[in-house]
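Colleague: Listed below, chain by chain, are the residues.
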Amino acid sequence: MNIVSRASGRAVWVAIRAMAVLTVLLGVGYPLAITGIGQLAFPSQANGSGRYGPDGRLVGSALLGQAFADAEGNPLPEYFQPRPSAAGGGYDAAASSGSNHGPENEELIAAIQRRRAQVAAFNGVPGDAVPADAVTASGSGLDPHISPAYARLQVDRVAAARHLRAEDVRALVESRIQPRDLGYLGEPRVNVVELNLALDDLDRRS
Amino acid sequence: MGWLLAAAALVTVAALLGVVYRPLGEYMAWVYTSPRDWAVERVLYRLVGVDPRGGQSWRAYLRAVLAFSAVGLVALYLLQRLQHRLPYSLGLAAPSPDLSFNTAASFVANTNWQSYAPERTVGYPVQMAGLGVQNFLSAAVGMAVAIALVRGFAHRRSGTIGNFWTDLVRGTVRILLPAAALCSVVLLAGGVVQNFAGFTHVTDLAGGGQSIPGGPVASQEAIKMLGTNGGGFFNANSAHPFENPSPWTNLFEIFLLLVIPFALPRTFGSIVRDHRLGYAILAAMAVLFVLSFTLMTAFEFAGGGTAPTLAGGAMEGKEQRFGVVGSTLFATATTGTSGGAANSTHGSYTALGGLVAMLNMLLGEVSPGGVGAGLYTILVMAIIAVFLTGLLLGRAPTVLGKRVGVREIKLASLFILVMPTLALVGMAVSLAVPAVHEQIVNDSMGNPGAHGVSEVMYAFISAAINNGSSFAGLNADTPWLNTTLGVTILLGRFVPIALVLALAGSLAAQDRIPATSLALPVHRPQFVGLLVGIIIFVSLPTFFPILTLGPLAEGLR
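For the protein sequence lines, the chains are A and B, in the order given.
Residue 81 in my numbering sits at position 81 of the first sequence, and the numbers go up by one each step.
So the number in my numbering is just where the residue sits in the second sequence, counting from 1, plus 1000.
Hints were generated in silico from the structure; no laboratory data involved.
A couple of the hints might just be wrong.
Reference excerpt, derived from the structure (chain B facing chain A, CB under 7 Å, subset only) [said to hold, decoys possible]:
1. 1048
2. 1051
3. 1052
4. 1133
5. 1194
6. 1212
7. 1326
8. 1479
9. 1554
Derived list of chain A stretches under chain B, where covered just means 3 residues or more per stretch with a C-beta under 8 Å from a C-beta of chain B [unchecked claim]:
10. 81–93
11. 102–112
12. 165–172
13. 182–195
Chain B is faced by these chain A residues, among others (derived, beta-carbon under 10 Å) [stated by the list, open to error]:
14. 30
15. 32
16. 56
17. 65
18. 97
19. 118
20. 121
21. 124
22. 126
23. 177
24. 202
25. 206
The beta-carbon is built from N, C-alpha and C at its ideal position, and this holds for glycine as well.
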């Protein structure tokens, strides 16, 4: 028994030393080195792919969706609308989350029906023209993308709200559609943050 | 069109894995058998105070594994409890004692179950020096144990199965650290963030406010996937655009999850100098993977259930950039390994799609399993398959010249009982004890009815098999669930490891019996089929009754 406990005691002492040494290597040295590489080689990405307004002010990240809504949470007709979001009060980047509602959840079922009616009325289209991504919350709650179908559906409303020609807005949307990566990975998509930035720009120039 | 895209994505992952299978497998075999130490390793051995040449008996090896993991558990617990005193903690308080225990157990056991939302709970020191470190070390421990079992097959009449400290250091220094560094840079290029900026407050386009998070994410993300850990830097895990910005980074992360577990059968073949069983194991892993990916994708394409039907597609909890295929391929990879990362919320999948994720874990995580854990689990399954056929056909049950005797089959049988026992007991107690049941139904379940039962079920299966993914509607940050899931995780990790090391010791002590015509060939397609069958029949009947209460009740109504 004495031999066993002495061997165990020695193993624990070695383990403590190993943990300390490896923590310095893996927990301090490694992340600091990667941070150095990131800041030198990929400063834009490493710092969050920031996007800037015309005055040079940081207005968000190209990777994180935003709520294009007024203070009461009503959608602004002059901006393309993103997907519903379950992150905090909606697109709260400090509280990423999906709804985690199951397929038979009553709340989710009611929400989908409500959203479909709202999107249809807001854009003046029939309910069955509203695509799935427009009525479902993403896993992160920060999805910056919508489907090309949902973007096209919003063109007339946005053009009317901004007194722009629908063809110009439609052309902008079409130019902003990202195809699948390598032609087959993921889904075609439109980045709502970048689209709305470009839209503000178009508005200013016309 | 959907199926074409699914096939193309699957073929791409398979091709990438195929390219690295041999070089990586051979490299890892060399890492664990090379007689030479690197200079940096000699420095580490001196600092730690071990002799890298000393072989260990299985008991000494186990003692070292347990001591190292216990120290890791205590260190990670204390680091969290002292969080409020550490710099760069973003002003966050220390997590509660039961949450800190749960997190420490979970990360030390390569599970990475998270009862908390990281961006509001852990600051940078805990992420880097605590969770990130265990992402490396828990993976290195899993690989070490698998290699020890492989040595059991390779050694003849030997009292030792290698040296844990050497395996730990080499796995870290020669495999995980360089691979993680390389992959971090790829992720950085793809848009994953890496800074110490904390939250940046901006006025967004519509005039509202947004707090953009920062953090050393890329360095963590790479090892989180490579080590099949799965603990997200953010609450949304790999669904978060800062962890997984695009479809190609998504494919890259899936590849990272699978690359070490799928290459380890080559390492096995190389060390035992017989590649045939390695190929059979690889084939069984691949069959199960393709089967479950096909099933899950079919269920998500079909979009059954009330909400997906109303929405016109199963897009709740899925990101537009990934779509259904990018989500199900990730979900198959993360539940087929011990990954537990998620790029979509499994709890919002169709009932039957979510069931497939559960089944992947129930099969013991062998398609292809966690780093190391996948290989040792499927080797145990192979031993059971050989023994059963030996009984059926009257053949001598031997694997690679090692006899499967009473002691070996006892250890293997105990091994396969651990996960079901832990998962079912934890679930039963949580749902049957009145006070606990009430608390879980009222405070924890995020969905009513059968789906709420599925949430509890998924949690205990995920903990017992060390996966770490969840039906995240469940609020698991309660003293009861933090404690029971934490204990389940620890037992689910270290009891099987003890049994595997005992098995390694008993195999290493045997001489190798020369191959005879009486031995069962363990490399033909028949054996692959048998192995797949055994893997399925060992676990499914055990869990069928409770599956009817959760996902089947929901999906077949």
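Colleague: Taking the hints in turn, state whether each one holds.
Modeller: Outcome of the hint check:
1. 1048: Given a least distance of 5 Å, the restraint on residue 1048 of chain B holds.
2. 1051: Because about 11 Å separates residue 1051 of chain B from the closest Cβ in chain A, which is outside the 7 Å limit, the hint is violated.
3. 1052: Violated, because the Cβ-Cβ distance from residue 1052 of chain B to chain A comes to roughly 12 Å (cut-off 7 Å).
4. 1133: Since the shortest Cβ distance to chain A is 4 Å, the answer is holds.
5. 1194: holds (4 Å)
6. 1212: Holds. Min distance 5 Å.
7. 1326: Where the cut-off is 7 Å and the nearest Cβ of chain A is about 5 Å from residue 1326 of chain B, the hint holds.
8. 1479: Violated. Min distance 22 Å.
9. 1554: holds (6 Å)
10. 81–93: Holds: 5 residues of the segment 81–93 of chain A have a Cβ under 8 Å from chain B.
11. 102–112: With 8 residues closer than 8 Å to chain B, the segment 102–112 of chain A meets the three-residue bar; holds.
12. 165–172: With 0 residues closer than 8 Å to chain B, the segment 165–172 of chain A misses the three-residue bar; violated.
13. 182–195: holds (count 7)
14. 30: holds (6 Å)
15. 32: holds (8 Å)
16. 56: Violated: closest Cβ of chain B sits about 13 Å from residue 56 of chain A, beyond 10 Å.
17. 65: This interface hint holds because 8 Å falls under the 10 Å limit.
18. 97: Holds: closest Cβ of chain B sits about 5 Å from residue 97 of chain A, inside 10 Å.
19. 118: Not OK, violated: residue 118 of chain A not within 10 Å of chain B, min 14 Å.
20. 121: Hint violated; residue 121 of chain A Cβ to chain B Cβ min 17 Å, cut 10 Å.
21. 124: violated (19 Å)
22. 126: violated (13 Å)
23. 177: violated (12 Å)
24. 202: violated (14 Å)
25. 206: Violated, because the Cβ-Cβ distance from residue 206 of chain A to chain B comes to roughly 18 Å (cut-off 10 Å).
The structure is inconsistent with the numbered hints 2, 3, 8, 12, 16, 19, 20, 21, 22, 23, 24 and 25, although it conforms to all the rest.
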